[in-house]
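Could you slot chain R onto chain E? The hints should help.
In order, the protein sequence lines correspond to chains E and R. Numbered per my numbering, the first sequence spans residues 1 to 364. Numbered per my numbering, the second sequence spans residues 1 to 384.
I should point out that these hints are in silico values taken from the structure, not numbers from a laboratory. Certain hints may be false.
Said to hold, decoys possible - DEER-style ranges, computed between Cβ atoms:
#, chain 1, residue 1, chain 2, residue 2, range
1, R, Thr13, E, Lys221, 51 to 57 Å
2, R, Asp223, E, Arg347, 38 to 44 Å
3, E, Leu187, R, Glu371, 51 to 57 Å
Said to hold, decoys possible - Derived EDC-like pairs (lysine to aspartate or glutamate); straight-line CA-CA distance at most 16 Å:
#, chain 1, residue 1, chain 2, residue 2
4, R, Lys175, R, Glu205
5, E, Lys144, R, Asp235
6, R, Lys86, E, Asp98
7, E, Lys144, R, Glu236
8, R, Lys37, E, Glu89
We put the CB at the ideal spot given by N, CA and C, even for glycine.
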Amino acid sequence: MAFSDFHGNAEVIRRLREMLAHQRFPQAVVLAGPTGSGKYTLALMLAKAMNCLSPPTTDGLPDFCGKCSNCLRIAQAEDLEARVAEAVEARENLRETDKKETRLFVQTHPDVLIIPPDPPQLMIKVDQVRRVIETIYYRPGDAKERVYIFTDSAFMKEAANSLLKVLEEPPDFATIFLLAENPGELLPTIRSRSMIVSLAALSVEELESYLVKHRPDWTAKQRALVARLAEGAVGRARSFDLAAYTAARAHALTILNSALRTADHSDLFKITETYRAGVEGREKTERLLRTLYSLLQDLTFLNSGTPDLVRNTDIHPDLKRLAEAADFAWITAAADRLAEVERGMRRNLLRSLSLDAFATAMER
Amino acid sequence: MPVEAIAATSTTTMEITVSKFELLRELTATQGVVERKTTIPILSNYLFEAAGDKLSLTATDLDLSLRTSCVAKVKKEGACTIPARKLHDYVKLLPDADITIKLLENHWVSIRCGRSNTKMVGMARSNFPSLPAFPTAGVVKIPAQVLRGMIAKTGFAIASEESRYTLNGALMVLKPESITMVATDGHRLAHIERGGEKFEGISGEMKTLVPKKAMDELKSLLDATDVEVIEFAKDESTLYFRIGSRLLTSRQLTGQFPNFEAVLPKDNNKSITLHGEELSQAISRVAQFADERSRAVRLKLEKGELKLSASSTETGESEDSLEIDYNGDTLTIGFNAQYIIDFLKAVGAGDVKLELKDPQSAGQLRPADVEEYKYRYIVMPMRI
Numbered sequence: 001m002a003f004s005d006f007h008g009n010a011e012v013i014r015r016l017r018e019m020l021a022h023q024r025f026p027q028a029v030v031l032a033g034p035t036g037s038g039k040y041t042l043a044l045m046l047a048k049a050m051n052c053l054s055p056p057t058t059d060g061l062p063d064f065c066g067k068c069s070n071c072l073r074i075a076q077a078e079d080l081e082a083r084v085a086e087a088v089e090a091r092e093n094l095r096e097t098d099k100k101e102t103r104l105f106v107q108t109h110p111d112v113l114i115i116p117p118d119p120p121q122l123m124i125k126v127d128q129v130r131r132v133i134e135t136i137y138y139r140p141g142d143a144k145e146r147v148y149i150f151t152d153s154a155f156m157k158e159a160a161n162s163l164l165k166v167l168e169e170p171p172d173f174a175t176i177f178l179l180a181e182n183p184g185e186l187l188p189t190i191r192s193r194s195m196i197v198s199l200a201a202l203s204v205e206e207l208e209s210y211l212v213k214h215r216p217d218w219t220a221k222q223r224a225l226v227a228r229l230a231e232g233a234v235g236r237a238r239s240f241d242l243a244a245y246t247a248a249r250a251h252a253l254t255i256l257n258s259a260l261r262t263a264d265h266s267d268l269f270k271i272t273e274t275y276r277a278g279v280e281g282r283e284k285t286e287r288l289l290r291t292l293y294s295l296l297q298d299l300t301f302l303n304s305g306t307p308d309l310v311r312n313t314d315i316h317p318d319l320k321r322l323a324e325a326a327d328f329a330w331i332t333a334a335a336d337r338l339a340e341v342e343r344g345m346r347r348n349l350l351r352s353l354s355l356d357a358f359a360t361a362m363e364r
Numbered sequence: 001m002p003v004e005a006i007a008a009t010s011t012t013t014m015e016i017t018v019s020k021f022e023l024l025r026e027l028t029a030t031q032g033v034v035e036r037k038t039t040i041p042i043l044s045n046y047l048f049e050a051a052g053d054k055l056s057l058t059a060t061d062l063d064l065s066l067r068t069s070c071v072a073k074v075k076k077e078g079a080c081t082i083p084a085r086k087l088h089d090y091v092k093l094l095p096d097a098d099i100t101i102k103l104l105e106n107h108w109v110s111i112r113c114g115r116s117n118t119k120m121v122g123m124a125r126s127n128f129p130s131l132p133a134f135p136t137a138g139v140v141k142i143p144a145q146v147l148r149g150m151i152a153k154t155g156f157a158i159a160s161e162e163s164r165y166t167l168n169g170a171l172m173v174l175k176p177e178s179i180t181m182v183a184t185d186g187h188r189l190a191h192i193e194r195g196g197e198k199f200e201g202i203s204g205e206m207k208t209l210v211p212k213k214a215m216d217e218l219k220s221l222l223d224a225t226d227v228e229v230i231e232f233a234k235d236e237s238t239l240y241f242r243i244g245s246r247l248l249t250s251r252q253l254t255g256q257f258p259n260f261e262a263v264l265p266k267d268n269n270k271s272i273t274l275h276g277e278e279l280s281q282a283i284s285r286v287a288q289f290a291d292e293r294s295r296a297v298r299l300k301l302e303k304g305e306l307k308l309s310a311s312s313t314e315t316g317e318s319e320d321s322l323e324i325d326y327n328g329d330t331l332t333i334g335f336n337a338q339y340i341i342d343f344l345k346a347v348g349a350g351d352v353k354l355e356l357k358d359p360q361s362a363g364q365l366r367p368a369d370v371e372e373y374k375y376r377y378i379v380m381p382m383r384i
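The following block holds chain E by itself, in its conformation from the complex (with noise of 0.2 Å):
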């Protein structure tokens, strides 16, 4: 492993790199970009670089071996879900009265910590920042820098008000990574004191030619159709569940179809029956909502007579039947709905209920 295993980004990677040669490397950092964007990925590779014990220089920048003690113990904390999963279980494992105060850490380097955010709510609490606080003022002891990653920017109100002090004066031996989708849901005053730096969408054809390499076992139609649905994002492409998406796209497809051409209940009944109440139904609503989103978008480029932007290739002849029954305001009019639906789902609404009104309510 080395920074040029890190695809895409290469002028964001590059600065990145030479802040560390100059050892101008700000104290706190926000890296931004959509989930798989490698976010994670970047600051552990930077985590490595800062503490790498016989650092190898390339391209005339300094880079990590990714063999010595410190790269490989860091090297561990990489398979973020299975070390979280593990924590997890941990803490399930703990006495009652010890399971409440437990918050959960990664922490496969004494001197890089990584802050995932706390099950169930999935938010960074404050007893985890807490903690940075009270670990951050000693000196590190294997490394030559203590590293915090932030994995989430959903911050409990009080866990992001404590972050702010030691995020203005940190020692001059620690710095702080706050991954963020969306840096406008930090605090102002949180980004403010940090660093933005942004991981861009990558081409289609980038995409493409990187999943050649990582992907050979899809064909070559279903690696432009993930190039393409991947939103630019490298490791949301590389862990692409097609099967889901396909699955996903057919559902999204009938209700769309029943709403603007058949009016045939009985298989739109069939299909929002299977989204049920819990999490893995959760999951399911939001990867069907999504896809719902990306077809709404894909009519809109069929419409405005754009269909070089289409992402949905493979159903071209679906999309075409469908865009001509479509019309601009209907699309506006059902975007909206959706977004009523999605807001419907935070609220806890009935999953297959919500469904249903949505496709009743487009129908012509």
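Leaving out everything else, chain R in the frame of chain E:
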């Protein structure tokens, strides 16, 4: 790289026999460092290392680590890690006999004692943070009881506020012939100095900020030991305290301790002597009726009498008075009752001197009889 791949490179054998009494003693001594409320594996495991005729065990919370050892029959040298809490709880329940600890495959550890047999799973040795080695140069010997007394008399004044991190520890100043310890939270300051010592290897002044966690741990280690002299050393990032066979290391805190000398009062000319116990009781009584948040009590110095009073709109008001030898002007000053009670607890029996200047200046408390320690306690006044 997966965790297993790293584990494969570490040592894979260890077998020892150790007496339950010895093992339990060391396990108990290290419990303070083991974190309870954590999901990070390295923090909840012991590192066991067997070599020669010794078993060393290490616990760490990453900022603080404690290494201790006991005599053991080592059959196979090696190292392993064991979940700390469970091991301690389990060993406590074993009968007084020899315990055999053996490392199996995949970090499983077997513990046998008499007819009991248990297996626990640890983690890869290489995941345990490397421990700094005790420096060979610049080691200072400090009498254990002196250090213990000084921690007891200053530790309570350390700040627990998270925003004032340089106050989250006590400053220890070593000079060739004296040792000083200072702690403050910005509202009060405890300062203790002991001269007439001889510290070899110190030239000029050596200032060290000792973190609160390390102070607490050091105190309990000193309470439990009968060694006379401990060894202290430090390097760039770490502090080392060796107490007999136990070694406490702490990472250093960064930051500048405030210039405390500037706040030590110099011309507090109104001085009274009080019986510590009487004062403590009187303040405790009056403080029951103080404002719950500020805990403010009013001290009024008059000729021959010290009046203590407090009042709050919710609970009522209360007054106590003590007889004193005082002839100066009347003076009224407010203090946080808790701060004074803390000091009186630390100073123990005996008379104390209260020295004041005016209602706006800090008050100073110290033991009335001159001891080998120069102990003073400064409390900021409150407006009441």
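These are the hints, each one checked on the structure:
Distance hint for Thr13/R and Lys221/E: a CB-CB separation of about 55 Å, consistent with the stated range 51 to 57 Å. Between Asp223/R and Arg347/E the C-beta distance comes to about 57 Å, which lies outside the given range of 38 to 44 Å. In this structure the hint that Leu187/E and Glu371/R lie 51 to 57 Å apart at CB holds, the actual value being about 53 Å. The hinted pair formed by Lys175/R and Glu205/R meets the criterion: a straight-line CA distance of about 5 Å does not exceed 16 Å.
With a CA separation close to 15 Å, the supplied pair Lys144/E and Asp235/R stays within the 16 Å bound. The straight-line distance between the Cα atoms of Lys86/R and Asp98/E is roughly 14 Å, inside the 16 Å bound, and the hint therefore holds. Restraint check: the Cα-Cα separation between Lys144/E and Glu236/R comes to about 12 Å, which is no more than 16 Å; the hinted pair holds. Of the pairs offered as hints, the one joining Lys37/R and Glu89/E holds, with about 13 Å between alpha carbons and a cut-off of 16 Å not exceeded.
Hint check: a violation occurs at hint 2 only; the rest are consistent with the structure.
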